[in-house]
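K.L.:
Modelling step: build the complete structure from the supplied sequences, incorporating the hints.
Number of protein chains: 2
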Amino acid sequence: MSSLDLATLRAAHERIRPHIKRTPVLTNEALDDARGARLGFKCENLQAAGAFKSRGACNAVFSLTDAEAARGVVTHSSGNHAAALARAARLRGIPAHIVMPAGSPQSKVRNVASFGGRITFCEPGLNAREAACAKLAAETGATLVHPFDDLRVIAGQGTATIELLEDVPDLDFVLCPVGGGGLLCGTALAAKLLKPGIRVIGVEPALADDVAQSFRAGQRIAIPTPATIADGLRTNCTGEVNLPIIRQYVDDIVTVSEAGIVAAMRELWEKLHLVIEPSAAVPYAALLERKFVFAGQNVGLILTGGNVDLESLPWLKR
Amino acid sequence: MSSLDLATLRAAHERIRPHIKRTPVLTNEALDDARGARLGFKCENLQAAGAFKSRGACNAVFSLTDAEAARGVVTHSSGNHAAALARAARLRGIPAHIVMPAGSPQSKVRNVASFGGRITFCEPGLNAREAACAKLAAETGATLVHPFDDLRVIAGQGTATIELLEDVPDLDFVLCPVGGGGLLCGTALAAKLLKPGIRVIGVEPALADDVAQSFRAGQRIAIPTPATIADGLRTNCTGEVNLPIIRQYVDDIVTVSEAGIVAAMRELWEKLHLVIEPSAAVPYAALLERKFVFAGQNVGLILTGGNVDLESLPWLKR
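Taken in order, these protein sequences are the chains called A and B.
Reading the first sequence from the start, the letters are residues 48 to 365 in our numbering.
Reading the second sequence from the start, the letters are residues 48 to 365 in our numbering.
Please keep in mind that the hints were generated in silico from the structure rather than gathered at the bench.
Among the hints, a few may not be true.
Since copy identity is lost for identical chains, a pair holds within one copy or between any two.
[Stated by the list, open to error] Using 25 Å as the maximum straight-line C-alpha spacing, the simulated SDA-like pairs for lysine to any residue come out as follows:
{"id": "1", "residue 1": "K364", "residue 2": "D219"}
{"id": "2", "residue 1": "K318", "residue 2": "A160"}
{"id": "3", "residue 1": "K364", "residue 2": "L111"}
{"id": "4", "residue 1": "K338", "residue 2": "A185"}
{"id": "5", "residue 1": "K68", "residue 2": "A81"}
{"id": "6", "residue 1": "K318", "residue 2": "A84"}
{"id": "7", "residue 1": "K182", "residue 2": "A54"}
Quick caveat, the model's predicted, so the values are computed rather than measured.
P.N.:
Following this line, the structure appears as structure tokens:
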């Protein structure tokens, strides 16, 4: 199977329902007026473990056979996927081995540890991470749960859009941030399979535009580790299963500036009264920067996560 | 009528339903574990205009006869009540005259103006505010909508607890912050009339404990304008209609420290991923400071508002 059908997405939703939250979709008069559109914000910052990643992680973990599950799961991630996988594994009562680069922020290390993740530190860089992961998998028999290059993970991430369309059936657009492309694949599949006329737009930091480049080129293009403030989107290259799905189901991928991301983040904190991380502000930045024509339309935006360091807010930096 | 019955509260809920949001009740595994109780947070920071005040203001404005409404409404408030009243008046298409002390923060002045409120500045101090209000009422025929000493306002504020109990019927406790006592009265009436066995606890900053003092003394006690960081709770004295209701329906009023309020605010931002103002953190501070016995109980907390200056967060102050 190289893609997913609607039945598989719905089965994923049933599978993870006991383990995730039904997050609200918020609307806001002031933001609608300011942008000239009707906006619905799917609040995955309010999801368990603070991000949509709990959906994909739970679907992967609860898809395992008992024999597979007993050997645990392993992944490399310094961020929300690691915490979500550790949480999902704990819910199933199995070990989660998490490879993190040495020097990861203490807040992220603590977060993974708080869910019982077994942390192995490695050198920075994708090669070292993948090597450490492969070594752990070989030693323990644990199943690799890749953060985005995995159909079970993609199906889980798509469930956010199933719920979004249940709550706001008349959407014209769905927007989501693009890191490795796992959420974008799940979002696009759910949106197009449920409502073929809807338009799906991925939004990527211009500093981390590997998926936008790959989308246009028709082949996976790797870039050096990007320096965007959107720390959840600093991937080098989309996955093998991801690009064909993105090419088939996504209408466009647009890019936004770093200043736009900070402005969007601040505006959403102030008006929506939500703590969201920089990555989650990226789709709204596309509205601020008018990256496509959305006037008068119903636009759904996935607010992907809320895990942020409250000591260093970007608009307070000197 | 010196108090309110359940039918009046339910009528208020029906009256304001088209003009307010049904806010979610959030739960959080980590906070439940940390506090040893099951917590439900009623997210009035996600309410229209960013605070529960929209409930009382809408009930007051939409209770007016057409003849009364045509002459507008007037209030004195520098905070959320002013913005909520301006918004409610605009929804009904009538003028709202808002008396604000000279030197009010620009963010609050902008907020009131953004909803079309007609602002009159006065000298600081309750006397000057009331005099300016009375003068405007005499000149325009506008109806005074007091921020808390008003049964229509109290009925509106109580609707948050109607919804909270619909979503979490098995609550043992409801906690809310105490400023002038409008929310406390509405909360206590709704809670006790719907579920007589529930316990209602008001939480007040120790620096602004006029209602706690009045509750124990059985008479209204005024204090100098308090300096608490919880800017929404800096009232001098509860209202005439408020104290009898509080004495009849509230189980206890406890007080919390300034450090507790800041710690509670920070913990809720970090774990719930919500922007809440200091006043909204006051009930959770009572859990942090173990001001009553709640182990193993179902505790509802009203997160009252999210209007905060993002430039100056208390944990970043030197």
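K.L.:
Give a verdict on every hint.
P.N.:
Hint by hint, here is what the structure shows:
In this assembly of identical chains, K364 and D219 lie within 25 Å of each other by CA distance neither inside one copy nor across copies; the values are 37 Å within and 44 Å between. Taking the shortest alpha-carbon separations for K318 and A160, only the inter-copy value of 15 Å comes in at or below 25 Å, while the best intra-copy value is 33 Å. Neither within a single protomer nor between protomers do K364 and L111 lie at most 25 Å apart by alpha-carbon distance, with minima of 45 Å and 48 Å respectively. For a Cα distance limit of 25 Å, the shortest separation of K338 from A185 qualifies neither inside one copy, at 45 Å, nor across copies, at 52 Å.
Proximity of K68 to A81 under the C-alpha cut-off of 25 Å is restricted to the inter-copy arrangement: shortest distance 19 Å between copies versus 30 Å within a copy. Taking the shortest alpha-carbon separations for K318 and A84, only the intra-copy value of 16 Å comes in at or below 25 Å, while the best inter-copy value is 31 Å. In this homomeric assembly, K182 and A54 never come within 25 Å of each other (Cα to Cα): the closest approach is 35 Å inside a single copy and 67 Å across copies.
This entry does not satisfy hints 1, 3, 4, 7, going by the numbered hints stated previously.
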